[in-house]
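**Q** As a plain string of letters, each chain reads:
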Amino acid sequence: METMTTIDLSALIAGVADTIAAHAEELTALDRAIGDGDHGLNMKRGFEAVRAETAPLSEKPLPDALKAIGTKLVMTVGGASGPLFGTLFMTLGKEISSEPRRAEFAAALGKAIDAVAARGKSQLGQKTMLDVLYPVQAAIAAGKTGREVAEAADRATEATKPMKAIRGRASFLGDRSIGHVDAGARSSALIVRAVAEMLEPGA
Amino acid sequence: MKNVGIVIVSHSPKVAEGTADMVRQMVGEEVPLAWCGGNPDGGLGTQVGAIMAAIETAWSEAGVAVLVDLGGAETNSEMAVEMIGEPRASRIVICNAPIVEGAVMAATEASGGASLKDVVATAHELAPA
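Protein sequence lines, in the order shown, are assigned to chains A and B. In case it helps, the numbering used here puts the first sequence at residues 1 to 203. In case it helps, the numbering used here puts the second sequence at residues 1 to 129.
In short, the hints are calculated from the structure, not lab data. Mixed in with the good hints, there may be bad ones.
Cβ-Cβ distance ranges computed for the label pairs, FRET-style [to be verified]:
#: 1; chain 1: B; residue 1: Glu-30; chain 2: A; residue 2: Ala-22; range: 49 to 57 angstroms
#: 2; chain 1: B; residue 1: Glu-86; chain 2: A; residue 2: Gly-143; range: 36 to 44 angstroms
#: 3; chain 1: A; residue 1: Phe-172; chain 2: B; residue 2: Ala-89; range: 35 to 43 angstroms
#: 4; chain 1: B; residue 1: Pro-128; chain 2: A; residue 2: Arg-32; range: 26 to 34 angstroms
Below, simulated DSS-like cross-link-like pairs (lysine-lysine); rule was C-alpha separation at most 30 angstroms, straight line [as the list claims (entries may be wrong)]:
#: 5; chain 1: A; residue 1: Lys-111; chain 2: A; residue 2: Lys-67
#: 6; chain 1: A; residue 1: Lys-121; chain 2: B; residue 2: Lys-14
#: 7; chain 1: B; residue 1: Lys-117; chain 2: A; residue 2: Lys-121
As the structure is a computational prediction, the values presented were derived from the model and not from experiment. The C-beta atom is built at its ideal place from N, Cα and C for all residues, glycine as well.
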């Protein structure tokens, strides 16, 4: 993963869309526990819409492809997740070059996560996708392997369990949000693992 | 139309349409009005594309006040405004107000020819302190 020039974007899209589809019910169940129960369906709708555009997306330079993926997610996911995941990919596309090296990718990802935080008016520790994305960014910046990055994502997901939700629908539940994994954290970790496995088989 | 437009964004198309009915009862055709609600599968939710279309429908050179219900409606509306971009974006305000009361009060204010600033202020007076 020193450079990302050899990325097979169509395989990446398929990998992420497959993962989201396979876990849609699990994500919805997580969301139903402390939210409105549409996260799995929404994410699946969005990534299937991205999958449908695989051919034209694969022809674009990486930054343009990422921006287009983000826009597609914004327009199709619905819920707050659409703008949040959409902003992640759109900003990543804006900040990255066509052939990013690891340090550049890590810096761009950091800015993309900051944009998600601004979009959601949230920050670390509020039981959201940010609680997975920031540790993932730190692991990438620290030169960890794909497997280690994916493991960091899983650990960070689990760490949302004892947190009390401060943002989003789950925050309406107050203390009752404690003891459940955040659905957006879980879907973030699923995407991270799918990408890590694709870039580094065996991760 | 010179009057400020009103857009209603609810997770529920029934809430959005019902709120729009209440607005129409107060202001008739004096105020540009549009509503949207629901996800593409017919369930509850909000969509950026639908919000952009509603803002287009209710567009007024005097601006548009958007009334939303829960979090996702607000986040999606903010995204929609950003995607619409300037020069219109700075004349679209997402109100911090209860959706039904806010829409009716904002529209009533708008029907008298009030500025976007005053329309929004009227809605904001309804927000819990």
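**Q** Name the hints, by number, that the structure is in violation of.
**A** 3
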